[in-house]
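Student: Fit chain B to the known structure of chain A by using the hints.
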Amino acid sequence: MPAPKVPQVHLVDDDPDVRSAVSLLLKTEDFRVTAYADAQSVLAAVDAATPGCLVLDVRLPDMDGLTLQRELKSRGVEMPVVFITGHGDIPMAVRAVSEGALDFLEKPFHDGALIEGVRHALELDAQRRAGAAEMAQVEERLQSLTPRERQVLDKLLDGKPNKLIARDLDVSVRTVEIHRSNLMLKMGAKSPSHLARLALACHDFRDRLTPE
Amino acid sequence: MPTAPIRVSEPSLSASGRSAAWLWLAGRSAMLVALYYAVALWGLVFTPDAHGIPLVWPATGVGLAFVYLYGWRLLPALGVAVGLVTWRFTGTMMPLPEAIGTVVATLAGVALGAQALRRLGFSPRFERLRDVGLLLLVGGLAASGLAATAGAWGIAVGTETLRFSDTWWLCWVADLMGLMLITPVLMTWLGAPLLRPAEHTYTKAAMLIGALGLVSLVVYSGPLPAPLAMPLSYAVFPLIMLAALRCPVQVTTTLMLAAGTIALSGTGWGLGPFAEMGLSKSLLSLNAQLGLLVLTGLVLTALRGEREAAEARARQHLEELARAGRLSTLGELSAGLAHELNQPLCALTSYAQASKRLLERGQLDALRDALTQLDAGAHRAAETVRQMRAFAAGQSPERVTIAATDLLQPVLDLLRPELRRRKVALELSIPPRLPRVRVAPVQVEQVLVNLLRNALEALEGRADARIQLWVDHTGRELAITVRDNGPGIPPGRLANLFDPFATWKEGGMGLGLSISRSLVESHGGRLTVANVPDGGAEFRFTLPVEDTRARA
Numbered sequence: 000m001p002a003p004k005v006p007q008v009h010l011v012d013d014d015p016d017v018r019s020a021v022s023l024l025l026k027t028e029d030f031r032v033t034a035y036a037d038a039q040s041v042l043a044a045v046d047a048a049t050p051g052c053l054v055l056d057v058r059l060p061d062m063d064g065l066t067l068q069r070e071l072k073s074r075g076v077e078m079p080v081v082f083i084t085g086h087g088d089i090p091m092a093v094r095a096v097s098e099g100a101l102d103f104l105e106k107p108f109h110d111g112a113l114i115e116g117v118r119h120a121l122e123l124d125a126q127r128r129a130g131a132a133e134m135a136q137v138e139e140r141l142q143s144l145t146p147r148e149r150q151v152l153d154k155l156l157d158g159k160p161n162k163l164i165a166r167d168l169d170v171s172v173r174t175v176e177i178h179r180s181n182l183m184l185k186m187g188a189k190s191p192s193h194l195a196r197l198a199l200a201c202h203d204f205r206d207r208l209t210p211e
Numbered sequence: 000m001p002t003a004p005i006r007v008s009e010p011s012l013s014a015s016g017r018s019a020a021w022l023w024l025a026g027r028s029a030m031l032v033a034l035y036y037a038v039a040l041w042g043l044v045f046t047p048d049a050h051g052i053p054l055v056w057p058a059t060g061v062g063l064a065f066v067y068l069y070g071w072r073l074l075p076a077l078g079v080a081v082g083l084v085t086w087r088f089t090g091t092m093m094p095l096p097e098a099i100g101t102v103v104a105t106l107a108g109v110a111l112g113a114q115a116l117r118r119l120g121f122s123p124r125f126e127r128l129r130d131v132g133l134l135l136l137v138g139g140l141a142a143s144g145l146a147a148t149a150g151a152w153g154i155a156v157g158t159e160t161l162r163f164s165d166t167w168w169l170c171w172v173a174d175l176m177g178l179m180l181i182t183p184v185l186m187t188w189l190g191a192p193l194l195r196p197a198e199h200t201y202t203k204a205a206m207l208i209g210a211l212g213l214v215s216l217v218v219y220s221g222p223l224p225a226p227l228a229m230p231l232s233y234a235v236f237p238l239i240m241l242a243a244l245r246c247p248v249q250v251t252t253t254l255m256l257a258a259g260t261i262a263l264s265g266t267g268w269g270l271g272p273f274a275e276m277g278l279s280k281s282l283l284s285l286n287a288q289l290g291l292l293v294l295t296g297l298v299l300t301a302l303r304g305e306r307e308a309a310e311a312r313a314r315q316h317l318e319e320l321a322r323a324g325r326l327s328t329l330g331e332l333s334a335g336l337a338h339e340l341n342q343p344l345c346a347l348t349s350y351a352q353a354s355k356r357l358l359e360r361g362q363l364d365a366l367r368d369a370l371t372q373l374d375a376g377a378h379r380a381a382e383t384v385r386q387m388r389a390f391a392a393g394q395s396p397e398r399v400t401i402a403a404t405d406l407l408q409p410v411l412d413l414l415r416p417e418l419r420r421r422k423v424a425l426e427l428s429i430p431p432r433l434p435r436v437r438v439a440p441v442q443v444e445q446v447l448v449n450l451l452r453n454a455l456e457a458l459e460g461r462a463d464a465r466i467q468l469w470v471d472h473t474g475r476e477l478a479i480t481v482r483d484n485g486p487g488i489p490p491g492r493l494a495n496l497f498d499p500f501a502t503w504k505e506g507g508m509g510l511g512l513s514i515s516r517s518l519v520e521s522h523g524g525r526l527t528v529a530n531v532p533d534g535g536a537e538f539r540f541t542l543p544v545e546d547t548r549a550r551a
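So the sequence lines, in the order shown, correspond to chains A and B. Numbering-wise (numbering that gives the first Met the number 0), the first sequence opens with residue 0 and increments by one. Numbering-wise (numbering that gives the first Met the number 0), the second sequence opens with residue 0 and increments by one.
Note that these hints are calculated values from the structure, not bench results. It should be emphasised that the depicted structure is a prediction, and the values quoted were computed from it without experimental measurement. Glycine residues also receive a C-beta, built at the ideal position from the N, C-alpha and C atoms. Mixed in with the good hints there might be a few duds.
Estimated spans, in silico, between C-beta atoms of each pair [to be verified]:
no.	chain 1	residue 1	chain 2	residue 2	range
1	A	ALA135	B	ASP374	47 to 55 Å
2	A	SER40	B	VAL531	31 to 39 Å
3	B	HIS378	A	HIS109	18 to 26 Å
4	A	SER73	B	ASP374	37 to 45 Å
5	B	HIS378	A	ALA44	29 to 37 Å
6	B	GLU520	A	ALA36	40 to 48 Å
Pulled out of the complex, with its shape left as it was, chain A reads as follows (with noise of 0.2 Å):
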């Protein structure tokens, strides 16, 4: 993949000189940071795989904070948001926070503040990204399963024991026992319990589990 795989934060805002001196600030704390005019060249250079976060100014020339962050994220992009603003009005900053943001600063901020949002919200990327990994992995497990193991993890997840696994699906108990260990083995889980976390951490099964 060619984008970069360093987090890093991106800022967006209209005005040279505030992007200058703010980009400066984060790279005094070791941040990474590129710096956008406005949202055409944020969006052109940001997609689902990009590592890091955003910090936008919420008056940008072609399109405001709050559109910029919707479009982004039905683009696919989960980075965490932080808003800069210049005139933050209370009904604003609600919106943008439930739609997301981390955080809503108002201009001219406190370094501290700053900092601590920017650290936050690149160390929530992180998680959301090692969270998305091991989804990944565990959907890949999911798919190596048999059709046969496929049912029997279904009725173990609905909490039947296996003699009743084995009335259902007209099988030996022992032939239930010998599908049980083999799936655990697959789904790599140490106990019953931790298959039943894994499995519901996926949202793509937990999904298919609902229409039943």
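Tutor: Same frame as chain A, now just chain B:
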């Protein structure tokens, strides 16, 4: 103490300046005595018969002017002057008690008159009709009245053949006529100093003095026959009227004195159209003409003063209204301006915070760069504040000669955040080498801001919002046009759009366009509005181009 707005440079009475004060008083006193004696000498030329009743007596007017202007300090000098004149011209004919009585009555008349003028708020600039009326009333009742009584009494005592009442009447006319001629001149020259007269004032005054001198000499030197000279003697009226309407008041009063002096002297020596009737009748007749002349000059001066005062008041009101309009505009723009200030502040604090961190880390080169940028940013922020302040009030509405581009720049700076916020495109078309205009920049900027903000508001919520601003000029006029592609003005509103309170916007007072039109018209321009055929409104205002000869 003076209640009238007299600006006489009175010497300070500090210990060191005391001798200067005495010197000053001595100077004025000497001036009074000399002038009083001189005009009395001149007045005695017009003594038609052996009874010694002069038909023009400006001496009382000299006394009134000096005592009014410089206070009762001048009374001793006046006493000396009156005594001197009485002794010189009546000599031994008048017994001492009567002579003293004459002096005291004259002094009392002048003192009473001066005091009345001060109490009643007379101003020696003759800028109000009331000042003309006061001078005639006080001069006629107090000064001339008492002085005439004294004079008539003195004459009646001196000669047994004349009745007091006849003499009093003649003395009163003589006193009042002299007062009307001499007092305004002294008061205007000594009491109302000229304020920065323009170059052309001197030219105009010189031409008027020349013309008046010529006319008077032709009329009163004698070569013309009376039927021709008599109507010609009225030629001084238009000259005086012109002076009253166009020249400083000093020029008018001096011209009136000059016309009076030439006419009286000529008639006194038996020359000119009035001389034919015998000195007594001719001088009375001439006095009537001169009285009307002085009245015309003073009344016109006063009317002009009142008109100018009214104009000044109207200008001041407009300026106050305009300033209120600017403040309210600024209030409405404040959201955008706050943003405009918040950006540099945010940059400044960030630079400062980064600098602190760089210092802690010992990265001195990076620190120096950060501080340099902080410094530059602070200056940019200060520039924003300066623009706001200049627009709000700080600037005086003084007219300067300025390039049209310099008028536009501050307005565009002020409105740029608003244009950006509302996402309105501004298309400028400003040709190079525009002529210069003579305007009060703050007022023209206000008109521009007003028109641009109206356009912005008309474009509210429009996707392809666009404002066009262009400047064009003919030889004599510069025109600035602001056109938007909004909905235009409702046809029913076009007619009274510039009336005060004719608003259809919410929250607006409807004064913006009304003030704008007044401001443009006060610069000699016009502000017009039209709807554009394919949608939108177009406001256009003109400004007269500065005379290019003036700055060549």
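Student: Compare the structure with the hints numbered earlier in the document and write down the numbers of the violated ones, lowest to highest.
Tutor: none
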